[in-house]
Amino acid sequence: MIGGLESLIGVGKTAATKLDFGATTAPAAGSKVGGAQASFAAALDAIATNTVSSLQQAEQMSAKALQGETDTRGVVDAVMSAEQSLQTAIAIRDKIVSAYLEVSRMAI
Amino acid sequence: MQPVNLFDLASQQARWLSVRQSAIAGNVANANTPGYAAMDVEPFEKVLKNTSVAMSATHSGHILASTSPARMTVETEQDGVAILPSKNSVSLEDQMLKAGEVGRSFELNTSIVKSFHRMFLMTAKP
Amino acid sequence: MDSLTTALKVAASGLEAQSQRVRVVSENLANAQSTGNTPGAEPYQRKTITFAAALDRASGGSFAEVAEISRDKSAYPLEFHPGHEAADANGMVRMPNVNMLVEMADMREANRSYEANLQVVKQARDLISMTIDLMRSQ
Numbered sequence: 020m021i022g023g024l025e026s027l028i029g030v031g032k033t034a035a036t037k038l039d040f041g042a043t044t045a046p047a048a049g050s051k052v053g054g055a056q057a058s059f060a061a062a063l064d065a066i067a068t069n070t071v072s073s074l075q076q077a078e079q080m081s082a083k084a085l086q087g088e089t090d091t092r093g094v095v096d097a098v099m100s101a102e103q104s105l106q107t108a109i110a111i112r113d114k115i116v117s118a119y120l121e122v123s124r125m126a127i
Numbered sequence: 380m381q382p383v384n385l386f387d388l389a390s391q392q393a394r395w396l397s398v399r400q401s402a403i404a405g406n407v408a409n410a411n412t413p414g415y416a417a418m419d420v421e422p423f424e425k426v427l428k429n430t431s432v433a434m435s436a437t438h439s440g441h442i443l444a445s446t447s448p449a450r451m452t453v454e455t456e457q458d459g460v461a462i463l464p465s466k467n468s469v470s471l472e473d474q475m476l477k478a479g480e481v482g483r484s485f486e487l488n489t490s491i492v493k494s495f496h497r498m499f500l501m502t503a504k505p
Numbered sequence: 058m059d060s061l062t063t064a065l066k067v068a069a070s071g072l073e074a075q076s077q078r079v080r081v082v083s084e085n086l087a088n089a090q091s092t093g094n095t096p097g098a099e100p101y102q103r104k105t106i107t108f109a110a111a112l113d114r115a116s117g118g119s120f121a122e123v124a125e126i127s128r129d130k131s132a133y134p135l136e137f138h139p140g141h142e143a144a145d146a147n148g149m150v151r152m153p154n155v156n157m158l159v160e161m162a163d164m165r166e167a168n169r170s171y172e173a174n175l176q177v178v179k180q181a182r183d184l185i186s187m188t189i190d191l192m193r194s195q
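Residue numbers (this note's numbering), protein chains in the order written: chain A, 20 to 127; chain B, 380 to 505; chain C, 58 to 195.
If you're looking for bench data, these hints aren't it; they were derived computationally from the structure.
Computed from a predicted model, the values in this text were never measured in an experiment.
Misleading hints may appear alongside valid ones.
[Said to hold, decoys possible] SDA-like, lysine to any residue: derived pairs with alpha carbons at most 25 Å apart:
#1 C:179 to B:504
#2 A:83 to C:109
#3 B:477 to A:82
#4 B:504 to A:83
#5 A:83 to B:419
#6 B:466 to C:109
[Claimed, not checked] Computed footprint of chain C on chain B; a stretch qualifies when at least three of its residues, placed anywhere within it, have a C-beta under 8 Å from a C-beta of chain C:
#7 383-391
#8 394-400
#9 417-430
#10 454-464
#11 487-494
Positions of the beta carbon are idealized from the N, C-alpha and C atoms, including for glycine.
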C-alpha cells in the first residue's frame, strides 16, 4: 500500500522537476534562480519523504494496536499526522501538476 | 512486526473479537445455568499463527465432552476461532469487563480501517 | 450465521430465560398468602425454575433455555388462624412454602442478570452498526 502511495507522490515530484527545468531556460539572475530551484526540489523531496515515513509510522502503530498493545493515543496521533502530511502532499502535487499544465499551455 | 497487509490484520482481529463477543454472550445468558463453565476464546496470537499455517478442517460446531460426568464442558469453534471452557462459573462483573475490552478494541479497529481506507481513496482520486 | 448475529441471538435467549424467571418469582410473590378453601387443604406450592445451556451446532453459540418449571417440595409452614376456612381441628392453617425474603432476593438477581443480558444485546448491535458504517461514505 505504501508503494502505491509513493508512486502517486512521485508523479508530483516528476512534474516539479520538469517545471524547474523550464525555469532555468528563462534569462534571470542565474544563481538566485539556481538556488531557488535547488531548495524547491529539496523541499519537495523532504515533503515526500516525510509523508512516506509518517504513513509507515502510522501503519506500524496500527498493526501493533490491532495485535493488542494499548497505546490508543499514540495510534490516533500517528494516523492523524499521516493523514495531515498526506493531504498536504496531495494538495502540493495537484498545484504543481496544474501549474505545469498552465506553463505548458503558454504561448512561446 | 510489519504486517503483510494492514486491512487483512484488521479483518482477522474483527473476526476474533466477534467470536469473543459471542462467547461473552453465551456466558452472560447462562450465568444461572447449573454446571455451566465460563468460556473464552483462544488468544489472538494463536489465531494469527493458525491462519498462516493451512487450517486443518474442523467441522463448525465440533463438540468435545470432558470426561467428568458432573460438569459438561464443551469446546466449540466459530469462524475458525476456538472457544475454550475455563474452570470457573460465570462472574457477571468479569464478563462486563471483557465486553468493555471487546467494545473498545472493535471501535479502534473500525476507526483504523476507516482512516486508512480514506487515505487510500484520497490518493487514488484524480 | 456470523458471530455477531450469534451473540445477539444468544443474549436474546438469556433475556427470555430471565423473563421466565421473573414471571415465576412474581407468581410466587402473588400467591404467598394463598391457602386452600377447606380444612386441611393444600395451599399454593412454590414454583422453581431451572435453566440449561443448549449448544447450537451450526452457529457455535451457547443458548440459554428453561429446562423445567417445577414445584418446591419443602414442607408447608403452619400458622394459627382458628376462624380460617382452611383451619384444621387445632386451628392450624397450612400456608404456602413461599419465603418473601428469598423471593425478593431472587427477583433482584433476575433483574441484574436481565440487565447484563441487555447490555450484551446493545453492544452486539452497536458492533454490527460500526461494521456497516465502514461502508458509508463521509
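The hints, checked one at a time:
1. C:179 to B:504: At roughly 37 Å apart (the allowed maximum being 25 Å), residue 504 (chain B) and residue 179 (chain C) break the hint.
2. A:83 to C:109: violated (40 Å)
3. B:477 to A:82: Given pair residue 477 (chain B), residue 82 (chain A) holds - Cα atoms ~22 Å apart, limit 25 Å.
4. B:504 to A:83: violated (29 Å)
5. A:83 to B:419: Roughly 22 Å between the alpha carbons, so the hint for residue 83 (chain A) and residue 419 (chain B) holds.
6. B:466 to C:109: holds (18 Å)
7. 383-391: It is violated, with 0 qualifying residues against the three required.
8. 394-400: holds (count 5)
9. 417-430: That given contact is violated, which follows from only 1 residues of the region 417-430 of chain B lying within Cβ reach (below 8 Å) of chain C.
10. 454-464: Since three or more residues must qualify, the claim that chain C covers the region 454-464 of chain B holds, with 5 doing so at under 8 Å.
11. 487-494: holds (count 3)
Of the numbered hints stated above, those contradicted by the structure are hints 1, 2, 4, 7 and 9, listed in ascending order.
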